Amino acid sequence: MSDQKTSSVDRRYRVYQIGGIVLAILFVALGVAAFLTGGGPIIAAIAVIGGLAVLIVSIVMMVRS
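With my numbering applied, the sequence shown closes on residue 65, and no number is skipped along the way.
Fair warning: there could be bad hints in the mix.
Claimed, not checked - With beta-carbon atoms standing in for the labels, derived distance ranges:
#: 1; residue 1: Arg12; residue 2: Ile56; range: 18 to 26 Å
#: 2; residue 1: Ala33; residue 2: Ile59; range: 18 to 26 Å
#: 3; residue 1: Arg12; residue 2: Ile46; range: 25 to 33 Å
Hints are computed from structural coordinates only; laboratory data are not their basis.
Please read these numbers as outputs of a predicted model, since none were measured by experiment.
For each residue, glycine too, the CB sits at the ideal point set by N, CA and C.
Working from the sequences, and respecting the hints, build out all of it.
Here's what the structure looks like:
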């Protein structure tokens with residue numbers, strides 16, 4: 001029974017990691033879109049840097065687990 005709990009927790013954790021990667025890609029895409037449509041380079045830079053930070057953390061946590 002303890003094996004089922006750990007696999008359930010691992011599965012949930014993996015879903016959170018994949019969700020983080022999807023969110024990071026969304027932020028990067030929105031940052032690029034904001035820059036290309038004239039939304040301002042500062043706003044675009046914040047979105048891209050935030051997206052890259054989330055992407056790096058998600059990948060590092062996925063590799064460590």
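Now for the hints, and whether the structure bears them out:
1. Arg12 to Ile56: 18 to 26 Å: Since the Cβ atoms of Arg12 and Ile56 sit about 21 Å apart, the hinted range of 18 to 26 Å holds.
2. Ala33 to Ile59: 18 to 26 Å: Holds, at about 23 Å.
3. Arg12 to Ile46: 25 to 33 Å: Given about 30 Å between the Cβ atoms, the range holds.
No hint from the list above goes unmet by this structure.
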